[in-house]
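Residue numbers (UniProt numbering), protein chains in the order written: chain A, 1 to 105; chain B, 1 to 174.
Treat the hints as calculated values from the structure; they're not laboratory data. Since the model is a prediction, treat every value here as computed from it, not as a measurement. Check each hint, because a few of them may be wrong.
As a list, the in silico BS3-like pairs of lysine-lysine whose alpha-carbon atoms are at most 30 Å apart [stated by the list, open to error]: (1) B/K149 x B/K110; (2) B/K48 x B/K95; (3) B/K110 x B/K83; (4) B/K157 x B/K83; (5) B/K57 x B/K82; (6) B/K118 x B/K55; (7) B/K110 x B/K26; (8) B/K57 x B/K104; (9) A/K75 x B/K110; (10) A/K75 x B/K57; (11) B/K26 x B/K104; (12) B/K112 x A/K98; (13) B/K48 x B/K129; (14) B/K174 x B/K104; (15) B/K112 x B/K26; (16) B/K95 x B/K112; (17) B/K149 x B/K118; (18) A/K98 x B/K95; (19) B/K55 x B/K110; (20) B/K104 x B/K83; (21) A/K98 x B/K118; (22) B/K95 x A/K75; (23) B/K55 x B/K149; (24) A/K75 x A/K44; (25) B/K83 x B/K26; (26) B/K48 x A/K75; (27) A/K98 x B/K48; (28) B/K118 x B/K26; (29) B/K82 x B/K110; (30) B/K82 x B/K95; (31) A/K98 x B/K26; (32) A/K75 x B/K104; (33) A/K98 x B/K75; (34) B/K149 x B/K75; (35) A/K98 x B/K110; (36) B/K110 x B/K48; (37) A/K75 x B/K112; (38) A/K98 x B/K82; (39) B/K26 x B/K129; (40) B/K26 x A/K75.
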Amino acid sequence: MFITRAAIVLLSMGAAAAAAPSQAETIQVSIDRLVYLPAEIEAKVGDEVEWINRDALVHTATVEGGADVLLPANKTGRLVLQEAGSFDYICRYHPNMKGRITVRP
Amino acid sequence: MTIKLTTAAAAIALLFSTGGALGNDKPTDPQIAHIAYTAGVLDVEAAKQAIATSKNKTVVEFAESMLRDHESVNKQALDLVKKLNVTPEDNDTSKSLSQAAEAKRQELAKLKGGEFDKAYIEHEVAYHKQVNGALETLLIPSAQNAELKSLLETGLKLFQGHQQHAEHVAAALK
Ligand SMILES: [Cu+2]
Numbered sequence: 001m002f003i004t005r006a007a008i009v010l011l012s013m014g015a016a017a018a019a020a021p022s023q024a025e026t027i028q029v030s031i032d033r034l035v036y037l038p039a040e041i042e043a044k045v046g047d048e049v050e051w052i053n054r055d056a057l058v059h060t061a062t063v064e065g066g067a068d069v070l071l072p073a074n075k076t077g078r079l080v081l082q083e084a085g086s087f088d089y090i091c092r093y094h095p096n097m098k099g100r101i102t103v104r105p
Numbered sequence: 001m002t003i004k005l006t007t008a009a010a011a012i013a014l015l016f017s018t019g020g021a022l023g024n025d026k027p028t029d030p031q032i033a034h035i036a037y038t039a040g041v042l043d044v045e046a047a048k049q050a051i052a053t054s055k056n057k058t059v060v061e062f063a064e065s066m067l068r069d070h071e072s073v074n075k076q077a078l079d080l081v082k083k084l085n086v087t088p089e090d091n092d093t094s095k096s097l098s099q100a101a102e103a104k105r106q107e108l109a110k111l112k113g114g115e116f117d118k119a120y121i122e123h124e125v126a127y128h129k130q131v132n133g134a135l136e137t138l139l140i141p142s143a144q145n146a147e148l149k150s151l152l153e154t155g156l157k158l159f160q161g162h163q164q165h166a167e168h169v170a171a172a173l174k
């Protein structure tokens, strides 16, 4: 009984994965010596951006009037992209750091 | 204001280029390390004064980021000089930076509230501009060791970021 149920669950999970048109992706942006790399990325709604801060400095990824992701020294931070558009972002602490995310619907 | 700043940056260059004080056209790596380290320490001290004095959230947050960043970079600088077996060497530029910072500290100590905030942030803009000028025109071009040069270049990018951050805070205070 248990085995059967487990099999059904597994099967239905497989079906759901196959039915999804495209999986959400994680796009990585590294930060090295006060530079976002790559500085410009393209993504689609539902994707996630992961910033990997390799500096011994605290940075942020901040969209004016929007998202504000704190990126502690030598740590990562994430953001799920919820709306389409083109977003310029900066670091609040070092506004000469600049990046852009273009989000497709 | 602009003239004053240019003069301050030029003063650093002059200390070396005239050769009077050091008898040399360019600072040596041990002197450069000392100047860069001193510049960081002085800004950390200014930040501590601001954190103790200011009641403005934006100003305190700015000061906290100066404290954090300059301590982090100076730690990297210390690690590097240890690795390179370089002993930072005191010099007239470091001395004049320290004297100017002490005078500014006393001047700021007489101010309170919004007046303090404005004067502190304006000084931070001016100070970072001055140090950036020295890094660009004198310290980076003079550095012999590649790792020291690279750390100074990262330092320049960081200090330019601080200058812009200070400019944003200054604009918000108006
Ligand atoms: Cu930053």
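Hints, one by one, checked against the model:
Restraint check for B/K149 and B/K110: not satisfied, since their Cα atoms lie roughly 39 Å apart, outside the 30 Å limit. The straight-line distance between the Cα atoms of B/K48 and B/K95 is roughly 20 Å, inside the 30 Å bound, and the hint therefore holds. Of the pairs offered as hints, the one joining B/K110 and B/K83 is violated, with about 42 Å between alpha carbons and a cut-off of 30 Å exceeded. With a C-alpha separation of about 23 Å, the suggested pairing of B/K157 with B/K83 holds against the 30 Å cut-off.
A distance of roughly 37 Å separates the Cα atoms of B/K57 and B/K82; the hinted pair therefore is violated under the 30 Å criterion. Taking the CA atoms of B/K118 and B/K55, the gap is near 12 Å; set against the 30 Å cutoff, the hint holds. The straight-line distance between the Cα atoms of B/K110 and B/K26 is roughly 38 Å, outside the 30 Å bound, and the hint therefore fails. Pair hint B/K57 plus B/K104 holds up; C-alpha atoms about 22 Å apart against a cutoff of 30 Å.
With a CA separation close to 40 Å, the supplied pair A/K75 and B/K110 exceeds the 30 Å bound. Taking the CA atoms of A/K75 and B/K57, the gap is near 25 Å; set against the 30 Å cutoff, the hint holds. A C-alpha spacing of about 28 Å is found between B/K26 and B/K104, which places the hinted pair at or below 30 Å, so the restraint holds. Restraint check for B/K112 and A/K98: the C-alpha separation of about 35 Å exceeds 30 Å, so the hint is violated.
Proximity of B/K48 to B/K129 is assessed by CA-CA distance (about 20 Å); at most 30 Å being required, the pair is judged to hold. Simply put, B/K174 and B/K104 have alpha-carbon atoms about 21 Å apart, close enough for the 30 Å limit, and the pair holds. With a C-alpha separation of about 41 Å, the suggested pairing of B/K112 with B/K26 is violated against the 30 Å cut-off. The straight-line distance between the Cα atoms of B/K95 and B/K112 is roughly 28 Å, inside the 30 Å bound, and the hint therefore holds.
Restraint check for B/K149 and B/K118: the C-alpha separation of about 34 Å exceeds 30 Å, so the hint is violated. Note on A/K98 and B/K95: the hinted pairing is violated, with a Cα-Cα distance of about 36 Å set against a maximum of 30 Å. Distance hint between B/K55 and B/K110 is fulfilled; the C-alpha atoms sit about 15 Å from each other, no more than 30 Å. Between the alpha carbons of B/K104 and B/K83 the distance comes to roughly 34 Å, so the proposed pair goes past 30 Å and is violated.
With a CA separation close to 27 Å, the supplied pair A/K98 and B/K118 stays within the 30 Å bound. Under the criterion of a C-alpha separation no larger than 30 Å, the hint pairing B/K95 with A/K75 is inconsistent with the structure, at around 37 Å. Restraint check for B/K55 and B/K149: the C-alpha separation of about 38 Å exceeds 30 Å, so the hint is violated. Between the alpha carbons of A/K75 and A/K44 the distance comes to roughly 24 Å, so the proposed pair stays at or under 30 Å and holds.
Annotation: proposed proximity of B/K83 to B/K26 holds, straight-line Cα distance about 23 Å (limit 30 Å). About 26 Å separates the Cα atoms of B/K48 and A/K75, which keeps this hinted pair within 30 Å; it holds. With a CA separation close to 29 Å, the supplied pair A/K98 and B/K48 stays within the 30 Å bound. Simply put, B/K118 and B/K26 have alpha-carbon atoms about 36 Å apart, too far for the 30 Å limit, and the pair is violated.
Among the hinted pairs, B/K82 with B/K110 is inconsistent with the structure: their alpha-carbon atoms are about 39 Å apart, more than 30 Å. Using a Cα cut-off of 30 Å, the hinted pair B/K82 and B/K95 holds, with the two alpha carbons roughly 22 Å apart. In summary, the hint linking A/K98 to B/K26 is not supported, as the alpha carbons are separated by about 34 Å, beyond the 30 Å threshold. A distance of roughly 36 Å separates the Cα atoms of A/K75 and B/K104; the hinted pair therefore is violated under the 30 Å criterion.
A threshold of 30 Å between alpha carbons decides the hint, and for A/K98 with B/K75 the separation of about 26 Å falls inside it, so the pair holds. Distance check on the hinted pair: B/K149 and B/K75 sit about 16 Å apart at the alpha-carbon level, within 30 Å; holds. Between A/K98 and B/K110 the alpha-carbon distance is near 38 Å, which puts this suggested pair outside the 30 Å criterion. At roughly 16 Å between alpha-carbon atoms, B/K110 and B/K48 fall within 30 Å of each other, so this suggested pair holds.
Proposed proximity of A/K75 and B/K112 is contradicted: the alpha carbons are some 37 Å apart, above 30 Å. Only pairs whose Cα atoms come within 30 Å are accepted, and A/K98 paired with B/K82 is rejected, the gap being roughly 33 Å. Our distance criterion of 30 Å between C-alpha atoms is met by B/K26 and B/K129, whose separation comes to about 21 Å. Our distance criterion of 30 Å between C-alpha atoms is broken by B/K26 and A/K75, whose separation comes to about 39 Å.
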